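Q: Next come the chains, spelled out residue by residue.
Number of protein chains: 2
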Amino acid sequence: MSRPARGEIGDVKAWLESHAEAMVEELKAFCRIESVSTDPAYRAGITAAADFVADRLTRAGFPSVEIVPTGGHPAIVAEWCETPGAPTILVYGHYDVQPPDPLEKWKTPPFEPDIRDDRLYARGASDDKGPLMVPILVAEAFSRTRGGLPLNVKMFVEGEEESGSPQLSPTVARLKDRLAADLVVSADGAMWRADLPSVTVASRGLLAFDVTVGGAGKDLHSGRHGGSAPNPVRALVTVLASLHDETGRVAVEGFADNTTPPDPAILDAIRASDFDPAGYYRSIGAPLPDPLPSTEELLTRQWLEPTLEFNGISGGYSGAGMKTVIPSSASAKITCRLVAGQEPGAVRQAIERHLTAAMPTGFELTIAGHGPGSAAFALDPDEPALAITEDILEEVLGARPLRVAMGATIPIGAVFKQHLGAPLVFFSFSTADEDYHAPNEFFRLASFRNGLIAWARLFDRLAETGAGARGC
Amino acid sequence: MSRPARGEIGDVKAWLESHAEAMVEELKAFCRIESVSTDPAYRAGITAAADFVADRLTRAGFPSVEIVPTGGHPAIVAEWCETPGAPTILVYGHYDVQPPDPLEKWKTPPFEPDIRDDRLYARGASDDKGPLMVPILVAEAFSRTRGGLPLNVKMFVEGEEESGSPQLSPTVARLKDRLAADLVVSADGAMWRADLPSVTVASRGLLAFDVTVGGAGKDLHSGRHGGSAPNPVRALVTVLASLHDETGRVAVEGFADNTTPPDPAILDAIRASDFDPAGYYRSIGAPLPDPLPSTEELLTRQWLEPTLEFNGISGGYSGAGMKTVIPSSASAKITCRLVAGQEPGAVRQAIERHLTAAMPTGFELTIAGHGPGSAAFALDPDEPALAITEDILEEVLGARPLRVAMGATIPIGAVFKQHLGAPLVFFSFSTADEDYHAPNEFFRLASFRNGLIAWARLFDRLAETGAGARGC
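Chains as they are written, first to last, in the UniProt record's numbering: chain F, 1 to 472; chain B, 1 to 472.
No lab work stands behind these hints: they were computed from the structure. Predicted model only: the values in this text are computed from it and were never measured. Heads up, some of the hints might be wrong.
Not the full set, but computed from the structure, chain B residues with beta-carbon under 10 Å of chain F [claimed, not checked]:
# : residue
1 : A216
2 : S222
3 : L236
4 : T300
5 : P327
6 : K333
Which bits of chain F does chain B cover? Going by a derived footprint, with three or more residues having C-beta under 8 Å, they are [what the hints assert, rightly or not]:
# : region
7 : 244-250
8 : 311-324
Calculated cross-link-like contacts (lysine-lysine; reagent style DSS-like; alpha-carbon spacing at most 30 Å) [as the list claims (entries may be wrong)]:
#  : chain 1 : residue 1 : chain 2 : residue 2
9  : F       : K218      : B       : K107
10 : B       : K105      : F       : K218
11 : B       : K13       : F       : K323
By construction, the Cβ of each residue, glycine as well, lies at the ideal position given by its N, Cα and C atoms.
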């Protein structure tokens, strides 16, 4: 196969443009499949969506396509390893979608795709069926116009992303030789804002656990026993209140040990941002704090600082009126978001030490974790593939993208790094305003068109990089 | 009517002893009536019990007996004002009972009275049908043997004591001229321990309110918004933790203003008590605190110190597993027990000031009260009627009674003091171990017999006191 020089993808672009209408129809067909992963009632949709993806990859020209059992919903693994000497990328995406509830809030039914104002409305259109279709269609475009790809491409498409990806890490670990690549490119992961190109270079890790404080063996009368019996709500609020300082930052010794500084470009992006603190509080319907934090403080805390958030608290009576009871126990649910360098197990131990030391005498403390947690993701600021994605976004979208961080947790970065040793870049054309976990989810068709051109350039540019056919 | 000299009640005693069997049968008949006040399904039982009491008072010889509407369940008011120059007492009791649930835990059905080991097992036998029957039967004994009473006796028998007596205060206020008396004697209120005669001379007041902290207008994703959005659970635990010092005592400025010292005899009783702290914690199934508090500290805190207890706390997710949410609000239910001198309204204001000052910025604080609260009850240590009840208990039970306080709230003391200006003494022969809010409630028939003799002596002794026919 003769390889055109960098940037000369006019043939591929022309093919993509001439097939634009059919591609939208294909995306609509994909969106008609009710592939909700959390609800067993949608099992047939899951199977149909996995079949759709496998079939589409085969028709795109992938020589090897397999629906792989995972213990949960199946994953699709495809390999196109026919370009010796070129780098190998692994493309990640998912075929499952969020539940469509509340149904009554949809203007058109969630699984009957509808185009209005150059937007495709359907559950999953933005997350992640539209963005996932893009690299598949780009591979087909290269195949139809040139008989093959300029680099080696593998695909890993899972069906449990919207259910927390419980089988992702074990499946990637099991298939690590088959999935080996120089670079992982995620077709999932929305851009921050529709009006501002951005690349996500960091996301926070996650650690979840429950804290329970026990007092007496059963609820007691608060008149008869008040003052003498242990009140576990008092002990719980006492220890929970000691976890933060007066600014709301975590005050646990050892919690932030070994954190590494973020990519300075993220701080530049924050400083360049026109994010409005007062507008933020209004948008979430919260009272304005006094003094109001600066843009820099607020975004730094949302993107780059570790947190310890109380997700729930419960104990005793919570119905109408009053009940004169001393509860026998009280609990809180806690999740921490971790930044680069924090090791989930060490963080958990630091919090346990703190809670144990802070607990008043006469109570029982129980801490129960929800899994081992996941470390933060942070891409090396000097990763060459990152510069390539930034160049392409600037070319296609007309502005240099900001490097941004996400407060939320994207476990794939840490999972692929751990098992494949490969860096991951996000290259998705959905944006965070597309209501992808809400009614009336949509995908901008302009983003679909931009994405096709951008991915074609990405295949072309990455082919030029030095790395050599790892895993193929 | 010629009045026999003090202590000469052999005739009355003989009458009571000769009618012992019939009296137990009458009490059984009373206990067969299903007069549960909280549950509308028992409305017929409430009506039947009110009729039973009115009829029994009439048969005992009370010249005036009326079933009085209250807006809730009716009260019975009876007056026997035929002893000019003698003092007037108002006897308090109630005809309603606790619900019998859980029914399967009763050895014999709750409304089929059964005598085993000289104990009468039935719902309401101890609380308060047995103790209430005693003064009625004693009045009849005087009437049958002497043609009248040695003093003036009024009765106020309510039907909502087990539902929190919502109509008690307004009804007593409305009937204050008719109920006017020199002294209120309560036939309700159990003795502390079966093996130790005691008189209750103080009980704590009550103040109940809810605290709610609001943050954002709806629940938010704790990854996306963690660090920037207000977490109302954090604010709530922070302010709640500030309400107590490290010993668990209330740390609110102004909370304990104007408290008056307790009757020193209560402290003597505490010191004389063999109450075992370790045994107490074991009995409630709680871990032993280290160091273990002394008997004196523990009983002082349970009887004589004001409290602020968390009855419940809630906010956010409390189901299985985890949910990465920042709750939009969090609440706590709080009740305070007040000691003599604390004014419920002033205490509420002190707590509001404290919470408002402690609340971090950026949250909404709401405090909602459950009614005006009730002040503590504390009998004047030098009240002559108290010494009379103590003398009689010593004569009948063979040991000088201890003066004890109750941690729980008995609103009647404060209500009658407020509206009638009369002191209240407890003179009940039930004891706290008679399972009166649990299955297999019983009343010791020995206590029934002792109570009849003691009340006969009480009528006789009080007749000798100087006070003169107030309200008759």
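Q: Against this structure, judge whether each hint is valid.
A: Going down the list of hints, with the structure as the test:
no., hint, verdict
1, A216, "4 Å, holds"
2, S222, "4 Å, holds"
3, L236, "7 Å, holds"
4, T300, "8 Å, holds"
5, P327, "7 Å, holds"
6, K333, "6 Å, holds"
7, 244-250, "holds (count 3)"
8, 311-324, "holds (count 12)"
9, K218/F x K107/B, "23 Å, holds"
10, K105/B x K218/F, "17 Å, holds"
11, K13/B x K323/F, "44 Å, violated"
Of the numbered hints listed earlier, the single one contradicted by the structure is hint 11.
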